[in-house]
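As given, the protein sequences belong to chains A and B, one line each in that order. Sequential numbering from 6 applies to the first sequence in this note's numbering. Sequential numbering from 6 applies to the second sequence in this note's numbering.
It is possible that part of the hints are untrue.
No distinction is drawn between identical chains; accordingly, a pair holds when it is met within one copy or between any pair of copies.
[Stated by the list, open to error] Taking lysine-lysine pairs in the DSBU-like style, the calculated list, with each CA pair at most 35 Å apart, reads:
id, residue 1, residue 2
1, K335, K375
2, K230, K255
3, K210, K358
4, K386, K307
5, K307, K476
Source of the hints: derived by calculation from the structure; they are not laboratory data.
There are 2 protein chains.
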Amino acid sequence: MAEKKFVEEITSMEDDFAQWYTDVVKKAELTGYTQVKGFMVIKPAGYAIWENIQHELDRRFKETGVENVYLPCLIPESLLNKEKEHVEGFAPEVAWVTYGGTQQLEERMCVRPTSETLFSDFYAKDVHSYRDLPRLYNQWCSVVRWEKTTRPFLRSREFLWQEGHTIHATAKEAEDRTTQMLNLYADFLEQFLAIPVVRGQKTEKEKFAGAVATYTVEALMHDGKALQCGTSHNFGDGFARAYGIQFVDKDNTQKYVYQTSWGMTTRLIGAIIMVHGDNSGLKLPPLVAPVQVMVIPVQQKKEGVLDKAEELKRVLTSAGIRARLDDADKSPGWKFSDQEMRGIPVRVEIGPKDIEKGQCVIVRRDTREKIVAPLEGIADKVKEVLDQIQHDMYENARARRDAMTYTATTKEEFTEIANTKPGFIKAMWCGDVACENAIKDELGGVTSRCIPFRQEHLSDTCVWCGRPAKKMVYWGKAY
Amino acid sequence: MAEKKFVEEITSMEDDFAQWYTDVVKKAELTGYTQVKGFMVIKPAGYAIWENIQHELDRRFKETGVENVYLPCLIPESLLNKEKEHVEGFAPEVAWVTYGGTQQLEERMCVRPTSETLFSDFYAKDVHSYRDLPRLYNQWCSVVRWEKTTRPFLRSREFLWQEGHTIHATAKEAEDRTTQMLNLYADFLEQFLAIPVVRGQKTEKEKFAGAVATYTVEALMHDGKALQCGTSHNFGDGFARAYGIQFVDKDNTQKYVYQTSWGMTTRLIGAIIMVHGDNSGLKLPPLVAPVQVMVIPVQQKKEGVLDKAEELKRVLTSAGIRARLDDADKSPGWKFSDQEMRGIPVRVEIGPKDIEKGQCVIVRRDTREKIVAPLEGIADKVKEVLDQIQHDMYENARARRDAMTYTATTKEEFTEIANTKPGFIKAMWCGDVACENAIKDELGGVTSRCIPFRQEHLSDTCVWCGRPAKKMVYWGKAY
Chain A
6 MAEKKFVEEI TSMEDDFAQW YTDVVKKAEL TGYTQVKGFM VIKPAGYAIW ENIQHELDRR
66 FKETGVENVY LPCLIPESLL NKEKEHVEGF APEVAWVTYG GTQQLEERMC VRPTSETLFS
126 DFYAKDVHSY RDLPRLYNQW CSVVRWEKTT RPFLRSREFL WQEGHTIHAT AKEAEDRTTQ
186 MLNLYADFLE QFLAIPVVRG QKTEKEKFAG AVATYTVEAL MHDGKALQCG TSHNFGDGFA
246 RAYGIQFVDK DNTQKYVYQT SWGMTTRLIG AIIMVHGDNS GLKLPPLVAP VQVMVIPVQQ
306 KKEGVLDKAE ELKRVLTSAG IRARLDDADK SPGWKFSDQE MRGIPVRVEI GPKDIEKGQC
366 VIVRRDTREK IVAPLEGIAD KVKEVLDQIQ HDMYENARAR RDAMTYTATT KEEFTEIANT
426 KPGFIKAMWC GDVACENAIK DELGGVTSRC IPFRQEHLSD TCVWCGRPAK KMVYWGKAY
Chain B
6 MAEKKFVEEI TSMEDDFAQW YTDVVKKAEL TGYTQVKGFM VIKPAGYAIW ENIQHELDRR
66 FKETGVENVY LPCLIPESLL NKEKEHVEGF APEVAWVTYG GTQQLEERMC VRPTSETLFS
126 DFYAKDVHSY RDLPRLYNQW CSVVRWEKTT RPFLRSREFL WQEGHTIHAT AKEAEDRTTQ
186 MLNLYADFLE QFLAIPVVRG QKTEKEKFAG AVATYTVEAL MHDGKALQCG TSHNFGDGFA
246 RAYGIQFVDK DNTQKYVYQT SWGMTTRLIG AIIMVHGDNS GLKLPPLVAP VQVMVIPVQQ
306 KKEGVLDKAE ELKRVLTSAG IRARLDDADK SPGWKFSDQE MRGIPVRVEI GPKDIEKGQC
366 VIVRRDTREK IVAPLEGIAD KVKEVLDQIQ HDMYENARAR RDAMTYTATT KEEFTEIANT
426 KPGFIKAMWC GDVACENAIK DELGGVTSRC IPFRQEHLSD TCVWCGRPAK KMVYWGKAY
């Protein structure tokens, strides 16, 4: 069989970022296809990343008292219609079920695009007293939104996610939970996925359909486009009033609950690819990597080499490292490229000369640095390298993000940056949606990404209209 | 607040088994309702059981080389229609999506009732060479089947499950995988859920739509009705031929793959309730119980009692036991009933006198046995009790199942048992579907549950028609 080097096969990201992305997704075997248009198949290498994300997020959720539940996948139209802004936001993009078996339904039902309406209906029936509050429920499921153009992980007619839906006795508790979950998302992204984010609030124009306030974590991709990585919404008592979620409070009066929701999706896999990847393929942070170390024997047909490589893998595995051995009948060079394409953070090379010297060679995926290390104590050394990679990948992503974050104080400056420098633009804003609309129209799709919690005073006036500024905003083109 | 004893509120299973079941599901807070008819909400206490089932099954799957994936939730009609027997089995009970947003779809799509068709389409595109085989994929998801009458966990328009779909180069490999997974299911049920099962093959009449052979694990509920707890199907090359799943074999010729599928569902929660429960409520085997031990303080307002109870909980938790403390402002008696209703396998009572003596009282949920134990070394003692409960619950369920398993060698005997004694009936069968149909019609719904792997020779002739017998069959009424 002819050995092809994967590295020769992918488009470079500088030439065509979109094609590079598609190539990585395909060559790293993250997704596959069926004839169901606009829907993706998540293959084992992609799904294992999602499992690690799920496991870590779920653990963090539960530490804050969240419990998992499961609600129906279909929503009757009348239920969807109860909250006016919400239905306007979602009705145009849902899939409608009209027949059950051979019978036409009396009322059509949509495949859930999100489940605020169902949780509201459920809570209205299930909650009676202040003793029943708060309710901190979450579900892991898939949702369907009838997108016109789709891309694996980034925009798909179906995606996997978690959606948390909580209800509280007071407005303050709901607001506290909304920001708590936003900060949980931010910490998860930075600590686990090594993705630096800007934490902030969405403008009125960009907030979720039906929310009083939407908070977001925004990351910057390699091409300078922003990706919204998670959102947390405070609904106030809007849904509670629309769906009648009431409770008897301590003072013996009927009150409406205050509600939140928050979600993260398989889109995160797209973020990992576009924040960390390079022209050799995927680059996974060690904590989320399904395989952290690939042991690759050199001259594996020589006596004792495969045995030693197998033993090395066992030593690493016993120490809790997710290690595998590539003993396929292929050249080491082919295996190196393959391991790099799949984003495995570390490879350990071992050949006859290494065995003679009682050593092996650790090669970092992120920097390509080669570290000759004694076999004695190898597991500790590999753990140290994995920790270092996790740390460095975050720092590098942050340095790149910072280098691609610009400041504009005038319309001209803003326009020039938007037209020539991909990245975030920090600029003051008057708070008027008219400026947001004009910016989007005139600068080819630049939108307000968020009003960051960490405000800076860049100037006194709105970068677009010159009226007094109210807030500093992160702007950018987004996925 | 008035304290009600839960035990007074549920129907006894001898009076009305169906109502008892409904009461337990409700009082143990396993499910809830929305206005989506026929669909269930799985509440935290129910979902936590499912999570433990998932975790253990997933671990066992992966040990055999299975990998998780995710495929689309919608199936285009033309794709569903490709395998004739399969579509005839499922088309009458699927939900049809006809609109995406405001646009009528060119081709309607059903919400997946099962995913053989999708996996076949995917594999046909993804597999090319014998080197790509076997593929051992599984997915965790929900499916929709438009049932007319529904009951929580047992029959619902949507349920959660796992569906494994594997393809192989040879018929033998596929057959081996089919029985391997069936045995994995049986071991899981017996070891983890303490549910004894009969392993066997479905008759032609009862097998899965499109399968060459369907294997099943059948359990007996408290009321003497059978519940199919898991199935494993060998499809031969039927789907491969219908969907064109071919590969180039080592001999350089194109061949069709051989295929299997196997699934377990949230129905297992219904099985746990109906095999183990009693008139005090749910009774969970320790291995699957989300909470294994409830620490209940007695005279908790006396100084030092709550502190000691809290310390006891911490000691148990540190030892890896899933323990909680019930420090609510309610009487111990109320808490005991509550813990029993929820099926928590062990409670530990501790009051001022116990503290004085350096002891506590362990009470088993299954036998109500009280064990006075010193606080010194309490975690080991509780572990020992939990192990014993797990063991005893299985043995008790098996003894009950065996006591409710009858043997019939004549039509008269068969009829009499079917009409008077709920349970399994073992009887010889000629192999003719006409006898199965007649038995079902004349004995009020008695069906062949399976042809057990462990055959017994009960007589020479079919219990119904008197012709020569081919196999011994387990018969019974089923959920």
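Here is how each hint holds up against the structure:
{"no.": "1", "hint": "K335 - K375", "in the structure": "within (22 Å within a copy, 64 Å between copies)"}
{"no.": "2", "hint": "K230 - K255", "in the structure": "neither (50 Å within a copy, 47 Å between copies)"}
{"no.": "3", "hint": "K210 - K358", "in the structure": "neither (64 Å within a copy, 65 Å between copies)"}
{"no.": "4", "hint": "K386 - K307", "in the structure": "within (26 Å within a copy, 54 Å between copies)"}
{"no.": "5", "hint": "K307 - K476", "in the structure": "neither (67 Å within a copy, 56 Å between copies)"}
The earlier numbered hints that this structure contradicts are 2, 3 and 5.
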